[in-house]
Amino acid sequence: MLSIKNLHASVEGTPILKGINLEVKAGEVHAIMGPNGSGKSTLASVLAGREEYEVTEGEVSFKSKDLLDLSPEDRAREGVFLAFQYPVEIPGVSSTNFLRTAVNQVREYRGLEPLDAVKFLSLMKEKMKLVEIDQKLLSRSLNEGFSGGEKKRNEIFQMAMLEPTLSILDETDSGLDIDALRIVSNGVNQLKSDNNATIVVTHYQRLLDYIVPDFVHVLYNGKIVKSGTKELAMELEEKGYDWIKEEADKATV
Amino acid sequence: MTTITKDNITDSLLATVHPNGNSEAAQVIRENGFPTTKHEEYKFTNITKRIESKIQSFQQAKPLGLTQQDVSKAMIKDLDADVVVFNNGQFSAELSSLGEGYAVTNVTNSEAPFSIKDLYDDSYLALNKASFEKGVFIQVPKNKVLDKPVLLLNLVKANDGQLITPKLWIDCAENTEAVFIEQTVSQDEQAYLLNGSVEIKTASNSHIHYYRVQNQNNEALEVNNLLTDIHRDSTFTSFVLSLEGDMIRNNVTLNLLDSGCEGNMYGLYLLGGKTHVDNHTNVDHTKPHSESNELYKGVLADTSRGVFNGKIFVREDAQKTNAFQQNNNILLSDEATINTKPQLEIWADDVKCSHGCTTGQLDEEALFYLQARGIDKKQGKALLLYAFAGDVLEHLKIEAFKEYCIDLVQKKLGTNF
Amino acid sequence: MSKDNQILEEFTSKEYEHGWSVNYEADEAPIGLNEEIIRWISAKKEEPQWLLDWRLKAFRAWEKMTEPEWANVHYPKIDLQKLRYYSAPKQSKKPKNLDEVDPELLQIYERLGISLNEQKRLQGIAVDAVLDSVSVGTTFKETLGKLGIIFCSFSEAVHNHPELVKKYLGSVVPMTDNYYAALNSAVFSDGSFCYIPKGVRCPMELSTYFRINAANTGQFERTLIVADEGSYCSYLEGCTAPQRDENQLHAAVVEIFAAKDAEVKYSTVQNWFPGDKEGKGGIFNFVTKRGICFGDNSKISWTQVETGSAVTWKYPSCILKGDNSIGEFYSVAVTNNYQQADTGTKMIHIGKNTKSRIVSKGISAGKSQNSYRGQVQVMKRAHNARNFSQCDSLLMGSKCGAHTFPYIDIQNSTAKVEHEATTSKIGEDQLFYCNQRGIATEDAVALIVNGYAKEVLNQLPMEFAVEAQKLLALTLEGSVG
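Chains as they are written, first to last, in this note's numbering: chain D, 403 to 655; chain C, 55 to 471; chain S, 5 to 485.
Careful: at least some of the hints might be erroneous.
[To be verified] Straight-line C-alpha distance at most 30 angstroms; calculated DSS-like pairs for lysine-lysine: (1) LYS406/C <-> LYS474/S; (2) LYS521/D <-> LYS458/S; (3) LYS86/S <-> LYS435/C; (4) LYS647/D <-> LYS196/C; (5) LYS531/D <-> LYS451/C; (6) LYS395/C <-> LYS420/S; (7) LYS628/D <-> LYS432/C; (8) LYS406/C <-> LYS371/S; (9) LYS365/C <-> LYS456/C; (10) LYS521/D <-> LYS474/S; (11) LYS350/S <-> LYS406/C; (12) LYS647/D <-> LYS198/C; (13) LYS145/S <-> LYS202/S; (14) LYS420/S <-> LYS328/C; (15) LYS435/C <-> LYS384/S; (16) LYS196/C <-> LYS625/D; (17) LYS632/D <-> LYS196/C; (18) LYS341/C <-> LYS641/D; (19) LYS432/C <-> LYS420/S; (20) LYS406/C <-> LYS538/D; (21) LYS641/D <-> LYS198/C.
[Unchecked claim] A partial selection of chain S residues facing chain D, derived with a Cβ cut-off under 10 angstroms: (22) CYS438; (23) ALA444; (24) ILE452; (25) TYR456.
Note that these hints are calculated values from the structure, not bench results. Beta carbons: idealized from backbone N, C-alpha and C, even for Gly.
Work the whole structure out from these sequences, hints included.
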């Protein structure tokens, strides 16, 4: 589904990603871990098409299309969903209005009829249960005055509404208390199917107790320096990142 | 810093510094003396003068002969909590009942576990650091979610000396969650100076609450410093309910040191008689993507006085900061006073900050409406005042504690006003 | 960064839609300002002696006044002696009704999307069209006349209803109120007049459409609305001007008088030429708007959407004299490129239980400067006065500025005054977030800006609100970054 080959990217001339290779197939969950500043969030942003990141080398294909060639909105319409690390607030625009605009523009791109108000609302009701989100919250301005937990739940709710084929969760667990973490993970797990894939970017091993990955990759200094299964994450929790750094630094010398 | 008269009071207080006490702190006092109203931060709160007139015995109060029964009597109803007892400001392991999975240790004056920077070089904080005798250090280890709140129970009474100096450090590791509730209970009606401080450090992704109830005798003087260093993705919430006392000064400082931090400060002060409560808050945003919320509400009757001073710093690096501050007051008498001063210092350009303050009277029309429906004036008043003040309590996490506060607030509004 | 520039480029190259002008034969006063000119204007309009005297008195007062400099705007001084104070399209005879108006003039309004042809008009809006210095026609006069409503050009009112004009002219904005109001009082050429009799609820929106066409001509119109006891009316004002390199001056005066239990709602969508992207040209909009809630329980509500003008200096105000009277001010002020706006309101509480509400939404883009200046004054006698003010600023880009100057002056301890202010910024982040959910950039800008201004737009009559929404999106399109 997603194939990343030798991806290099930089911000304002500073290289951040230095040759990422990653294959993600339908039905899989990949976790990307790594110390602060290793390039985790950059990778997520590059895949979603954020402007300030410049791809200097490499290619990314998504469902056999050149992903890097598409505008951010077209990537979204093709089925790439990014759950933001810091969801953005938009004053005056209700979540409902925002989502309806989004859902219908995505449907239009996919050649589907727009949803009328009734159908849209019933779809919303159904998906709301998934992340235990309150309807009152959705009639308020998008993310404005939401608590950290509510913002993250709203991200997963939007994911449920847009039905993406590739979901990238960028530190969705950061700042969540244990109850909110359970709700969010539960939502993500229920949305999992054989036809979609998930990339979980996280800083805390704890998340992987709730969303169990098929593969774990360690990103360090702009490269994936180690890949493995859930056991790798456990090992990281125990030993920290230093041994990985040492190994990686040795290899580059 | 403004020059401050160094007179007897400074010497008297300095004399209480512990022989092994923090020498840096003692130096701060020697240099600055204690603040008078000429000092910008103490402009409306002349606590130093009040100490001068009320305190005769400048010594640390001796521990009281307390029993488990005294402790049980001071407990909050229906609150299932671990208890850390301070006997006249000094940690008492015997009287405490501690939970599992975290460490509570005694700290003597020579060994501070850590120190959080105070931007104001507050002399009372320095005095606390230099003169406490038995402090407490609480450590919550990684991934620990405390299943019960920790009640910090301070039983106080002038005993030989009139100075009471509790000291507390809390260190919360990654992914921890905890609620601390501080309650001071006066054992008689004598005057004393309670000069406490709490320093809290959180590692990443922790969720810590610190609640405080001030409901002491009417002669009590109190200065309190709550200082916190908050790290990545962590949330810290402070709450203070001030009801009784003579003069109280609360300093709260939240240092949001990394991205993803959330700092909340809530306060409610319901004052009658001549009670004077001063809330000084500081929140310092240093890195991008942090948020702070502040809501303080007050009802002031008789000749009481409230002071609110809220500072918000947004440093140059702290883009995408959200900072909200609100202070609302109702004055019930012409002699009651409120001095409110929001202060925003913003150095970053992509931020969302707002502040608001209101001062008003009870809505007489609404009161009349209630009376016209058969509700007596006193109850009608209490109802309207609760409608104004109650929402601050909505932010409290522990149900039994929230009920306790609601009860205190309703009683106060129903009888004293 | 590249995208920012590209978007900005697209936006700044966008032409002002109403920048065209038409050549018609005009009846013009000589250039310059002196007593002779005032006599000339008065004579041209065949005015009675009392009005000429009133003008001359204002002129003499004005001569002693100096231009105000306290506003947060900077512009080259206008040489008032180089302006023309009267310009009117030449018509062979005075038209008695719309059918007799020169079709060429009607076409100007057609082109602006305003049809004066009553059959084609949207139901429910009566229009007075003012071109340069004079009113070219008023629609629905007869329909309104049946209800006793007087809605006509100011000049007509002077001739047909002198007693009303004499009574109310200058009663809300005294001729010596300020520099521009005094100037206007001396040289005003036309405008709209409206009187709603006792107990009448005006069934349709009344509207004035101002158009400056001639070059080097100042527009000094005067609007007077009188709502008698228990009456109601909703009034709309729209404006455009051709794109010219030099600055043009517009110094209007609007007076509203609301008697006991009367309610007047005044809405403006101001789209004067704002100058080009280099800041060249554009209208100087120095306007005095004020209403008095004279009687008990009366209400005046100002709603404005300000997108145009090079420099705006405008504070629609309410004097709340009657007990229980209510004043409202809802404003969206948008500035882009080199535009400067210093706008806000004054709420003066005199009567008991008076209430006022201020909602101001500033949007600054490009290199513009946007200031809110508002005064809430509670006088000694104003027991139980209530005010709520909310001033929000939205910044787009990093070269613009937003400023807030609230003045609160309270002389009565029972007053309850609340003030809220926020400043926020639309950035790449918000747009990217929308993009990531599949929403195209243009739709995202419209979504965000309309969401921000919603509270004010909701106050506008339906048709106007839709127009205003489009105007906002158009004015700001691509200015994000």
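Results of checking the hints against the structure:
{"no.": "1", "hint": "LYS406/C <-> LYS474/S", "result": "holds, 27 angstroms"}
{"no.": "2", "hint": "LYS521/D <-> LYS458/S", "result": "holds, 25 angstroms"}
{"no.": "3", "hint": "LYS86/S <-> LYS435/C", "result": "violated, 67 angstroms"}
{"no.": "4", "hint": "LYS647/D <-> LYS196/C", "result": "holds, 23 angstroms"}
{"no.": "5", "hint": "LYS531/D <-> LYS451/C", "result": "holds, 24 angstroms"}
{"no.": "6", "hint": "LYS395/C <-> LYS420/S", "result": "holds, 17 angstroms"}
{"no.": "7", "hint": "LYS628/D <-> LYS432/C", "result": "violated, 71 angstroms"}
{"no.": "8", "hint": "LYS406/C <-> LYS371/S", "result": "holds, 21 angstroms"}
{"no.": "9", "hint": "LYS365/C <-> LYS456/C", "result": "holds, 27 angstroms"}
{"no.": "10", "hint": "LYS521/D <-> LYS474/S", "result": "holds, 28 angstroms"}
{"no.": "11", "hint": "LYS350/S <-> LYS406/C", "result": "holds, 27 angstroms"}
{"no.": "12", "hint": "LYS647/D <-> LYS198/C", "result": "holds, 28 angstroms"}
{"no.": "13", "hint": "LYS145/S <-> LYS202/S", "result": "holds, 18 angstroms"}
{"no.": "14", "hint": "LYS420/S <-> LYS328/C", "result": "holds, 25 angstroms"}
{"no.": "15", "hint": "LYS435/C <-> LYS384/S", "result": "holds, 27 angstroms"}
{"no.": "16", "hint": "LYS196/C <-> LYS625/D", "result": "holds, 29 angstroms"}
{"no.": "17", "hint": "LYS632/D <-> LYS196/C", "result": "holds, 20 angstroms"}
{"no.": "18", "hint": "LYS341/C <-> LYS641/D", "result": "holds, 28 angstroms"}
{"no.": "19", "hint": "LYS432/C <-> LYS420/S", "result": "holds, 23 angstroms"}
{"no.": "20", "hint": "LYS406/C <-> LYS538/D", "result": "holds, 23 angstroms"}
{"no.": "21", "hint": "LYS641/D <-> LYS198/C", "result": "holds, 19 angstroms"}
{"no.": "22", "hint": "CYS438", "result": "holds, 8 angstroms"}
{"no.": "23", "hint": "ALA444", "result": "holds, 5 angstroms"}
{"no.": "24", "hint": "ILE452", "result": "holds, 6 angstroms"}
{"no.": "25", "hint": "TYR456", "result": "holds, 4 angstroms"}
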